[in-house]
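Listed below, chain by chain, are the residues.
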Amino acid sequence: MLEPIFGNATVEKILFFLETYGKGYATGLAKLFKIPVNGIQQQLKRLEDGGIVVGVMAGRTRLYQFNPRYAFLKELRQLIQRAIQFLPEKEIEKYYRNRTRPRRKGKPL
Amino acid sequence: MIIDWQKADIKELIAIISDHLKKNGIDVVLVGGACVSIYSKNKYVSYDIDLITDSPIKTIIPVLEQLGFKNIQSRLFENPQCKFLIDFVAPPVSIGDKPVSEYNYLNTRFGTICLLTPTDCVKDRLAAYFFWNDLQSLDQAVMVAKRNKIYLSEIKKWAESQGEQEKHKIFVKRCKQEQL
Numbered sequence: 076m077l078e079p080i081f082g083n084a085t086v087e088k089i090l091f092f093l094e095t096y097g098k099g100y101a102t103g104l105a106k107l108f109k110i111p112v113n114g115i116q117q118q119l120k121r122l123e124d125g126g127i128v129v130g131v132m133a134g135r136t137r138l139y140q141f142n143p144r145y146a147f148l149k150e151l152r153q154l155i156q157r158a159i160q161f162l163p164e165k166e167i168e169k170y171y172r173n174r175t176r177p178r179r180k181g182k183p184l
Numbered sequence: 021m022i023i024d025w026q027k028a029d030i031k032e033l034i035a036i037i038s039d040h041l042k043k044n045g046i047d048v049v050l051v052g053g054a055c056v057s058i059y060s061k062n063k064y065v066s067y068d069i070d071l072i073t074d075s076p077i078k079t080i081i082p083v084l085e086q087l088g089f090k091n092i093q094s095r096l097f098e099n100p101q102c103k104f105l106i107d108f109v110a111p112p113v114s115i116g117d118k119p120v121s122e123y124n125y126l127n128t129r130f131g132t133i134c135l136l137t138p139t140d141c142v143k144d145r146l147a148a149y150f151f152w153n154d155l156q157s158l159d160q161a162v163m164v165a166k167r168n169k170i171y172l173s174e175i176k177k178w179a180e181s182q183g184e185q186e187k188h189k190i191f192v193k194r195c196k197q198e199q200l
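Taken in sequence, the protein lines are chains A and B.
Each residue of the first sequence is one higher than the one before, counting from 76 in the numbering used here.
Each residue of the second sequence is one higher than the one before, counting from 21 in the numbering used here.
Examples of chain B residues toward chain A, derived with CB under 8 Å:
1. S94
2. R95
3. P112
4. S114
5. D117
Simulated crosslink set (DSBU-like; lysine-lysine; CA at most 30 Å straight-line):
6. K187(B) - K98(A)
7. K120(A) - K90(B)
8. K88(A) - K118(B)
9. K189(B) - K149(A)
10. K149(A) - K187(B)
11. K120(A) - K118(B)
12. K118(B) - K149(A)
13. K177(B) - K149(A)
14. K103(B) - K120(A)
15. K120(A) - K78(B)
16. K88(A) - K78(B)
17. K42(B) - K120(A)
18. K118(B) - K98(A)
FYI, nobody ran anything at the bench for these hints, they're computed from the structure.
For every residue, glycine included, the Cβ atom is placed at its ideal position computed from N, Cα and C.
Take these sequences, add in the hints, and give me the full structure.
Written out as structure tokens, the structure is:
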């Protein structure tokens with residue numbers, strides 16, 4: 076949808092993910108979208124170099140989120156939010172409705 | 021000119037680097053922790069020289085190679101003789117979503133440094149404190165505020181626009197209390 080602007084589909088997926096969930100890590104994104112992890116890492120690095128996202132270490136995992144100091148963050152997020160509204164219901168259900176609320180360890184899913 | 025990269029202090033190094041880039045048509049603005057080092061008279065020592073330019077990295081690489089700095093990662097440059105790392109931060113120069121249009125110019129015997137004003141440097145550090153709850157950044161904002169002429173009313177107005185009145189109060193309290 077915004078692929079022509081962002082240059083590739085992976086960046087679009089990463090940005091939609093971060094807009095929906097707030098944070099994400101490369102392996103998690105790769106598993107969800109079934110994209111090779113190095114492809115995700117490459118794009119995250121590109122976004123980080125551009126000041127759009129920042130990575131923060133949480134234990135041994137590098138968690139990425141939007142950089143609150145990015146000059147055009149408000150406008151970018153508005154564009155992403157608008158684009159998400161146009162996603163097919165099936166795609167929203169598949170990628171952007173994962174459980175984020177906590178679940179006690181050991182409790183069966 | 022022979023440069024002793026190991027002994028030169030951060031202000032001298034930045035002046036040498038800025039001057040060399042400028043002579044090659046590359047204008048840079050110093051932002052980040054190195055501004056704090058300069059404004060705090062090295063009370064805080066940063067080992068990152070964060071620069072912003074509109075010139076593409078590929079034009080910077082050969083120019084910095086003349087000073088012995090190699091491009092080690094997309095926007096990072098390192099000189100094995102020098103403890104400071106040069107990082108070209110993505111433009112534009114901004115404090116959050118507000119563009120920066122006024123700069124400070126420091127003249128040194130090695131050249132002129134273009135950098136954030138002390139007031140914007142405080143705002144830049146406070147932005148990190150506001151967004152990340154980073155107490156090191158709060159300390160740095162206080163260090164700069166205590167040693168330089170800054171516009172407290174402008175900082176207050178900006179902090180309010182960010183919805184950070186409470187953290188701004190803590191900053192003001194720290195400025196009043198501390199003898200840094």
